[in-house]
Amino acid sequence: MDAEQMDGEQIEDIEIRLLLEALFRRYHYDFRNYAQASLKRRLRQARDQMGLPTFSALQDRLLRDPATVSRLLDFLTVQVSELFRDPAYFRAIREKVVPHLRTYPSLKVWIAGCSSGEELYSFVILFREEGLEERTLFYATDINQDALDAAARGIYPLDRIRTFTENHQFSGGKSSLSDYYSTAYGHAAFDKSLRERVVFSDHSLVTDAVFAEMHLISCRNVMIYFDRGLQDRAVGLFRGSLARKGFLGLGAKESLRFSQYAGSFGEFVREEKIYQRRDP
Amino acid sequence: MTRPRAVVIGASAGAVQALSRLLPILPGDYPLPVLVVVHVPPGRRNVLASLFAAKCNLEVREPDDKEPIAPGTILFAPPDYHMLVETDRTVSLSVEGPVQFSRPSIDVLFESAADAYGSGLVGAVLTGANHDGAEGLRALFEAGGTALVEDPASAAYPVMPRAALAFVPGAESVPLDALAKRLLDLAG
Numbered sequence: 001m002d003a004e005q006m007d008g009e010q011i012e013d014i015e016i017r018l019l020l021e022a023l024f025r026r027y028h029y030d031f032r033n034y035a036q037a038s039l040k041r042r043l044r045q046a047r048d049q050m051g052l053p054t055f056s057a058l059q060d061r062l063l064r065d066p067a068t069v070s071r072l073l074d075f076l077t078v079q080v081s082e083l084f085r086d087p088a089y090f091r092a093i094r095e096k097v098v099p100h101l102r103t104y105p106s107l108k109v110w111i112a113g114c115s116s117g118e119e120l121y122s123f124v125i126l127f128r129e130e131g132l133e134e135r136t137l138f139y140a141t142d143i144n145q146d147a148l149d150a151a152a153r154g155i156y157p158l159d160r161i162r163t164f165t166e167n168h169q170f171s172g173g174k175s176s177l178s179d180y181y182s183t184a185y186g187h188a189a190f191d192k193s194l195r196e197r198v199v200f201s202d203h204s205l206v207t208d209a210v211f212a213e214m215h216l217i218s219c220r221n222v223m224i225y226f227d228r229g230l231q232d233r234a235v236g237l238f239r240g241s242l243a244r245k246g247f248l249g250l251g252a253k254e255s256l257r258f259s260q261y262a263g264s265f266g267e268f269v270r271e272e273k274i275y276q277r278r279d280p
Numbered sequence: 001m002t003r004p005r006a007v008v009i010g011a012s013a014g015a016v017q018a019l020s021r022l023l024p025i026l027p028g029d030y031p032l033p034v035l036v037v038v039h040v041p042p043g044r045r046n047v048l049a050s051l052f053a054a055k056c057n058l059e060v061r062e063p064d065d066k067e068p069i070a071p072g073t074i075l076f077a078p079p080d081y082h083m084l085v086e087t088d089r090t091v092s093l094s095v096e097g098p099v100q101f102s103r104p105s106i107d108v109l110f111e112s113a114a115d116a117y118g119s120g121l122v123g124a125v126l127t128g129a130n131h132d133g134a135e136g137l138r139a140l141f142e143a144g145g146t147a148l149v150e151d152p153a154s155a156a157y158p159v160m161p162r163a164a165l166a167f168v169p170g171a172e173s174v175p176l177d178a179l180a181k182r183l184l185d186l187a188g
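Protein sequences appear in the order of chains A and B.
The first sequence: position 9 = 9 (the numbering used here), numbered continuously.
The second sequence: position 131 = 131 (the numbering used here), numbered continuously.
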């Protein structure tokens with residue numbers, strides 16, 4: 001191509017590659033293999049909200065001002081979820097997966113990419129309702145320390161509680177959600193007893209390894225931000241982390257059929273994207 | 001101009017009636033993929049896809065993340081997800097916050113598709129009562145794509161087509177009943 005003819009779009013793509021390389025080399029956060037389309041969108045938002053003209057300017061600031069990295073991570077990682085998001089998923093966990101989990105004397109559950117904790121609290125409450133909490137250790141991991149701190153606090157705006165409560169009921173909840181939180185100053189604080197069996201930890205599906213043997217892994221709407229190669233890495237990590245016949249739950253619109261590990265899993269509840277590790 | 005390789009459509013209020021007068025007319029050998037965002041509340045899955053699958057000659061469904069975009073398929077954005085196009089012509093989904101109060105957002109689909117297909121993209125903004133789609137259509141137009149807008153005079157809710165025309169004065173305004181023929185002509 002004629003070097004003088006390169007358009008703004010192509011220049012921007014080069015800048016984005018360089019920015020992600022800078023983020024990795026300087027701070028070891030690796031977004032280089034994230035799915036491009038939404039990443040680009042979020043980087044544009046970050047650039048515009050920081051009032052910077054180009055990604056090159058953002059790169060310059062990122063390299064020299066460490067405070068920029070947590071701001072950038074908030075654009076790149078923080079997702080707002082709900083308690084019992086997609087109630088049918090939790091109903092399937094309760095009705096189809098829990099009967100299998102009951103047969104184990106002790107259980108390990110991994111909420112991978114836990115963000116601000118909504119998925120985690122949903123599982124702990126469900127396990128308490130099903131009488132499994134006391135034999136379970138929950139691992140809640142994320143790459144964003146601010147999100148992990150928020151998850152460990154378990155405080156959500158009160159205006160979200162109505163949705164949480166409806167979801168909980170549709171999921172087949174056996175108790176009242178209000179048993180698990182107290183309210184003050186427009187917020188609902190989830191009870192600290194729900195965190196007694198939880199280990200919060202910084203862990204990256206992109207760069208870190210297997211750390212324990214799990215009976216159930218829930219990782220919903222996290223891998224949608226990865227490209228195909230990175231999704232394969234994460235699914236491989238899940239495969240390596242699961243006990244024999246362990247379960248993997250994905251988001252409603254995620255599928256293992258495009259994965260190189262498709263053959264390593266069977267569809268356990270097809271419509272809810274709950275898979276079971278299959279052994280040769 | 002590049003020969004079109006994909007069609008993107010955005011609609012909001014009045015969408016089901018408008019799309020019912022458009023999508024079922026596309027023949028079973030229509031060569032382009034058609035990606036559609038309709039503003040729907042979060043909740044039940046596959047409602048629009050099953051409704052239109054029964055009416056259309058083309059295959060209609062909600063895609064899974066990373067699904068390859070195949071010609072002659074109509075893909076509806078799943079409720080509560082943004083639908084985007086990657087440069088390798090696969091779908092990616094996202095649960096980032098709503099854009100213009102909407103998830104899925106028409107702007108998000110159009111902007112990412114404009115990146116992926118450049119001048120090989122046809123986009124149409126149909127009936128609606130908000131301003132979603134205007135910025136996306138501008139991105140599409142600036143990338144050299146073909147920008148179509150439902151003629152506000154024929155639209156059930158003209159606010160969205162008007163906003164799109166105000167943002168993209170170079171867009172073609174097409175009456176709803178002429179739109180299917182236009183999409184066929186553009187597919188060549």
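Calculated from the structure, these hints are not laboratory results.
Watch out, some of these pointers could steer you wrong.
[Stated by the list, open to error] Here are the computed lysine to aspartate or glutamate pairs in the DMTMM-like style, where the Cα-Cα straight-line distance is at most 20 angstroms: (1) A/Lys40 with B/Glu86; (2) B/Lys55 with B/Asp177; (3) A/Lys40 with B/Asp88.
[As the list claims (entries may be wrong)] Where chain A lies over chain B, by a calculated footprint (3+ residues, C-beta under 8 angstroms): (4) 106-118; (5) 124-134; (6) 172-179.
[Unchecked claim] Interface residues of chain A toward chain B, partial, derived using beta-carbon atoms under 10 angstroms: (7) Asn221; (8) Gln231; (9) Arg257; (10) Gln260.
Glycine included, every Cβ here is placed at the ideal spot set by N, Cα and C.
Let's test the interface hint: is any C-beta of chain B closer than 10 angstroms to that of A/Gln260?
violated, 12 angstroms
For the pair supplied as a hint, A/Lys40 and B/Asp88, confirm whether the alpha-carbon distance does not exceed 20 angstroms.
holds, 15 angstroms
For the pair we were handed, B/Lys55 and B/Asp177, check the Cα-Cα distance against 20 angstroms.
Holds - the C-alpha atoms of B/Asp177 and B/Lys55 are around 17 angstroms apart, at most 20 angstroms.
Three or more residues of the segment 124-134 of chain B near chain A by CB distance under 8 angstroms?
Not satisfied, violated; 0 residues make the cut.
Given A/Asn221 as an interface hint, is the shortest Cβ-Cβ distance to chain B below 10 angstroms?
holds, 5 angstroms
So if I understand the rule, the pair passes when the alpha-carbon distance is 20 angstroms or less; does A/Lys40 with B/Glu86 pass?
holds, 11 angstroms
At least three residues with a C-beta closer than 8 angstroms to a C-beta of chain A: is that true for the segment 106-118 of chain B?
holds (count 5)
Holds or violated: the hint that A/Arg257 contacts chain B, with Cβ atoms closer than 10 angstroms.
holds, 8 angstroms
Please check whether A/Gln231 passes as an interface residue: C-beta within 10 angstroms of a C-beta belonging to chain B.
holds, 7 angstroms
Mind taking a look at whether chain A covers the segment 172-179 of chain B? Criterion is 3 or more residues with CB to CB distance under 8 angstroms.
Contact hint for the segment 172-179 of chain B vs chain A: violated, 0 residues under 8 angstroms.
Checked against the numbered hints above, the structure violates hints 5, 6 and 10; every other hint is satisfied.
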